[in-house]
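**Student:** Line order of the protein sequences matches chains P and G. Counted from 1, the first sequence has number 96 at position 95 by the working numbering; the numbering is strictly sequential. Counted from 1, the second sequence has number 177 at position 176 by the working numbering; the numbering is strictly sequential.
For the record, the hints were derived by calculation from the structure and aren't laboratory data. Be careful, since some hints might not be right.
As the list claims (entries may be wrong) - Straight-line distance between alpha carbons at most 25 Å, and here's what the computed BS3-like set of lysine-lysine pairs gives:
| id | chain 1 | residue 1 | chain 2 | residue 2 |
| --- | --- | --- | --- | --- |
| 1 | G | K38 | G | K3 |
| 2 | P | K121 | G | K146 |
| 3 | G | K3 | G | K22 |
| 4 | G | K15 | G | K38 |
| 5 | P | K3 | P | K38 |
| 6 | G | K38 | G | K22 |
| 7 | P | K146 | G | K121 |
| 8 | G | K3 | P | K68 |
| 9 | P | K121 | P | K164 |
| 10 | P | K68 | P | K22 |
| 11 | G | K68 | P | K45 |
2 protein chains.
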Amino acid sequence: MKILVIGGNGTIGKRVVDHFKTDHDVLIAGRSSGDVKVDITDSKSIQSMFETVEAVDAFICAAGEAKWDSFDNLSEEDYFIGLRSKLMGQVNLVRIGKNYLNPNGSITLTTGILADDPVKLTTSAAMVNGGLHSFVKAVALELPKSIRVNVVSCGLVEDAVDKYQDYFPGYNAIPMNQVVNGYVRSVLGSGNGEIIRIYK
Amino acid sequence: MKILVIGGNGTIGKRVVDHFKTDHDVLIAGRSSGDVKVDITDSKSIQSMFETVEAVDAFICAAGEAKWDSFDNLSEEDYFIGLRSKLMGQVNLVRIGKNYLNPNGSITLTTGILADDPVKLTTSAAMVNGGLHSFVKAVALELPKSIRVNVVSCGLVEDAVDKYQDYFPGYNAIPMNQVVNGYVRSVLGSGNGEIIRIYK
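All chains should be modelled from the sequences, with the hints used to inform the complete structure.
**Tutor:** Take a look at the structure:
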C-alpha cells in the first residue's frame with residue numbers, strides 16, 4: 002500500500018511512519034523536511050504535494066496547529082491560526098486529496114481529547130477539534146470511489162507528556178503503541194466516518 | 002431581567018423573544034431590523050451593539066449562517082462563510098459580550114443537530130456546529146463573574162419544516178415550545194458549559 006503521512010516527522014507522525022514502513026511504501030510530507038514539502042495552511046501547496054506524490058492508497062494527516070492561551074488573551078486573529086491550519090488545513094487535504102486517492106482508499110485525520118474534554122487555555126484548540134469531528138461524520142456521507150475517512154482523537158500521548166502534562170492534571174499518558182493502533186484501525190479497518198477516541 | 006436576543010426576528014429568535022418578553026425586558030438585535038443593528042461577522046459591529054445596549058443579564062444568539070452545498074461544490078472560501086458568521090460570530094459575541102454581562106449573567110448560543118447527526122450537503126454547517134459545541138465546553142471553564150454559557154442544538158424545528166424537510170428524511174419536527182424551552186433552561190437554569198440537545 003502506498004501511504005502518505007503529512008506531518009510524518011512530528012511527535013505522532015514519526016511513530017505512525019515507523020509502524021507502517023515495515024510493510025508499506027510510506028512517503029513523508031512535512032513543512033520543513035520529508036520526501037515532499039507541504040504547508041497545509043496553503044491549498045496550493047497541498048495541490049502541489051499531491052501532484053508530486055501522485056495516486057496513493059491512503060493518506061494520514063498528523064499535522065496542524067492552533068494557538069493555546071487564556072480566553073482573555075486570545076484575539077480574533079489568534080483563532081484564525083487554528084482555523085487556517087489544523088481545521089481548514091485538514092478539510093483542504095480531504096477536498097483536494099480525494100482526487101488523488103485510489104478507489105477504496107482511506108483518509109485519516111488527527112484531532113485530540115480537547116474536543117470532548119477541554120482544559121483551560123484551549124478554547125481555540127477545542128473548537129478546531131470539535132469542528133473536525135463533525136466534519137468527518139458529514140464528509141463520510143459524500144466521498145466518492147468508496148473512499149473512507151476517519152479521525153484519530155487521542156488524550157495526552159506519552160511522547161508529549163513533558164510538553165503538555167501541566168495542562169492535563171491527572172490525565173493518564175497514552176502509550177504510543179496505542180496511539181499508533183488508532184491509525185492502523187483507520188487505515189486497515191473498515192470504519193468510515195468514525196471518531197476513533199483513545200482517551201484512557 | 003434584561004435580555005438581548007441577537008437574531009431576534011429569525012425563525013427561532015422570534016419565538017424566543019415572544020416567550021421572554023412577557024416577564025422580562027427584551028431587546029432585539031438583527032442584521033436589518035430590531036432595537037439595535039448588528040452584523041455578527043464584524044467584531045466592530047458587535048462591540049458597537051453592546052455599547053448601545055449596555056449591561057445585560059443575559060444574551061442569546063439565534064443568528065449565524067453557513068453555506069450548504071455538496072462537498073464537491075464547496076470551495077475553500079465557501080467554508081469561510083460559516084467560519085466567519087455562525088462560528089466566529091458567536092465566539093466573538095462571547096469574547097466581547099462577557100464584558101457587558103452583569104455578574105451571574107448567561108450566554109446562550111445556537112447550533113443544530115448536524116454537529117452530531119449530519120446529512121448530505123452539510124460538511125460546512127456540521128463542522129461549524131461541532132466546533133461551537135467544543136468551544137462552549139472549553140470557554141465555560143474560563144468565564145469571569147460567574148457568567149454561564151450554554152448552547153442549544155435543535156433538530157428540524159417545526160417552523161422551518163417547509164424549508165428543510167427534504168434534507169432531513171424521517172426526522173421528526175421539534176415543536177416550537179420545546180425549542181423555546183431549550184433557551185429557557187439555559188437562561189433560567191443553572192447549567193454551565195452544556196450542550197442542550199433537543200433532537201426527538
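**Student:** So which hints don't hold here, by number, going up?
**Tutor:** Of the numbered hints given earlier, those the structure breaks are 8, 10, listed in rising order.
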